[in-house]
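Chains as they are written, first to last, in my numbering: chain P, 1068 to 1266; chain A, 0 to 181.
Worth flagging that the hints you see were computed from the coordinates, not collected in a lab.
Just to be clear, a hint being listed does not mean it is correct.
Said to hold, decoys possible - Have a look at the derived ranges for each label pair, beta carbon to beta carbon:
1. L8/A / P1139/P: 23 to 29 Å
2. I1169/P / F175/A: 44 to 50 Å
3. T99/A / Q1135/P: 43 to 49 Å
4. A35/A / Q1135/P: 56 to 62 Å
5. M32/A / I1169/P: 49 to 55 Å
6. A1231/P / Q89/A: 49 to 55 Å
7. A35/A / I1169/P: 32 to 38 Å
8. K1116/P / H60/A: 45 to 51 Å
9. F142/A / P1139/P: 31 to 37 Å
10. R1227/P / T36/A: 50 to 56 Å
11. R1227/P / Y42/A: 46 to 52 Å
12. A35/A / R1219/P: 31 to 37 Å
Predicted model only: the values in this text are computed from it and were never measured.
Just so it is clear, CB atoms sit at the ideal spot from N, CA and C, and this is done for glycine as well.
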Amino acid sequence: MKQRFSPSWIALTLALWLGSGSVLAHITPPVVLLSEQEAVRGMTGGATKFFVREVRLTAEERGTIRQQWGWPAEEELYRFYLGRDATGQLVAAVIFLTEFTIHGPVRVAVGLNPDGTVKDAKVVELTEETLPWLEVLLKQNLVQDYIGRDSRGNFALGERFAAAHIDSMPQFYGQIVTSLIQRAAILFEVAVLKRTGKV
Amino acid sequence: MYGIFLASLPLSARVCCTLFLVGIGLGALAASMQAATAVGLSYGDVVASFAPEMPLTHIGHGQMSAERPIELSQLRHTTQSWIRTPLLIQTSHTHLFGQTLIAGLLGLLFLFSALGERKKAVIVALPFIGTMLDIGGMWLTRFVWSPCAVLVLLGGSLFALGYLLIAGIALYELWFQREVHP
Chain P
1068 MKQRFSPSWI ALTLALWLGS GSVLAHITPP VVLLSEQEAV RGMTGGATKF
1118 FVREVRLTAE ERGTIRQQWG WPAEEELYRF YLGRDATGQL VAAVIFLTEF
1168 TIHGPVRVAV GLNPDGTVKD AKVVELTEET LPWLEVLLKQ NLVQDYIGRD
1218 SRGNFALGER FAAAHIDSMP QFYGQIVTSL IQRAAILFEV AVLKRTGKV
Chain A
0 MYGIFLASLP LSARVCCTLF LVGIGLGALA ASMQAATAVG LSYGDVVASF
50 APEMPLTHIG HGQMSAERPI ELSQLRHTTQ SWIRTPLLIQ TSHTHLFGQT
100 LIAGLLGLLF LFSALGERKK AVIVALPFIG TMLDIGGMWL TRFVWSPCAV
150 LVLLGGSLFA LGYLLIAGIA LYELWFQREV HP
């Protein structure tokens, strides 16, 4: 009978599998709390049409952001998902922003009202290592405190968390999430509202 | 090498070499499983993790904004590992040290194989070249050209092929080879 799998082929297959693994090892496993699709759908209730708008900041806009908010805004492009109703009016814009920390990335979806205030925010992706730290805050509805605020609002971690004597790592990651929410509001204001007045 | 061969090592040395090879193999298996669940092992997964994100609109250079209709079904609904520059630096330095050290120890052990010098030189080089190709591939994918992701897979495969050859030949010589023909 003809041999279907020679030892050399088995060795090569094993090598490819092992090889890919050895290359990509030590990357912190991601935990997805919500898919992008679910996040956009959830934050644009009432929208019937969807658009993607990509914006590139001018040097002047970057300078303004750095000067006013102390954030360098270094990404090449920022992407908003816009949900509009049947008449074409904006229902909400959603942006995904990520902070890359030493313990892995934290990705947040932020929904914005047409006036630039925060409509909703969700942590959509983090890592197995950071999940327990942020879970403490998410269970206490961290993002609720920032709904309705615009880019000039206070995005520091709420006093209720300071009073609760939360450990340093949850505090650190909580601050990252609230900063990302503020950055979303900043970007919408600077790269959308200030350019066109309305969306 | 220098008249010392794997087949002629005392029992304690053979046990030590064997357990080292088995340990490295188990480590590679665990790393593979971790990578498969965290990142994925395909070419597409590597590109998605390392390459810069491509625009969804036709925004051109110098253009400040672009918009187009989109279906929600086009949005991502699966997990994706994001490896950006800071994490790439971190990954590079740990992997370059770690894998080179492993390659060095494997090579050191394999120097005492009875295999011919040319074959031995080729095999011993595989894990080193593999390491450099895969880490280099990550940087090239990120900063030069996305299809360089193939180098990441190729490099990793070379590393693993080198390990399999070294482990296979060394274990055979340690436990089954009776006579040495250098």
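When the hints from earlier in the document are held up against this structure, which numbers fail? Hint check: 1, 4, 5, 6, 7, 8, 9, 10, 12 fail, others pass.
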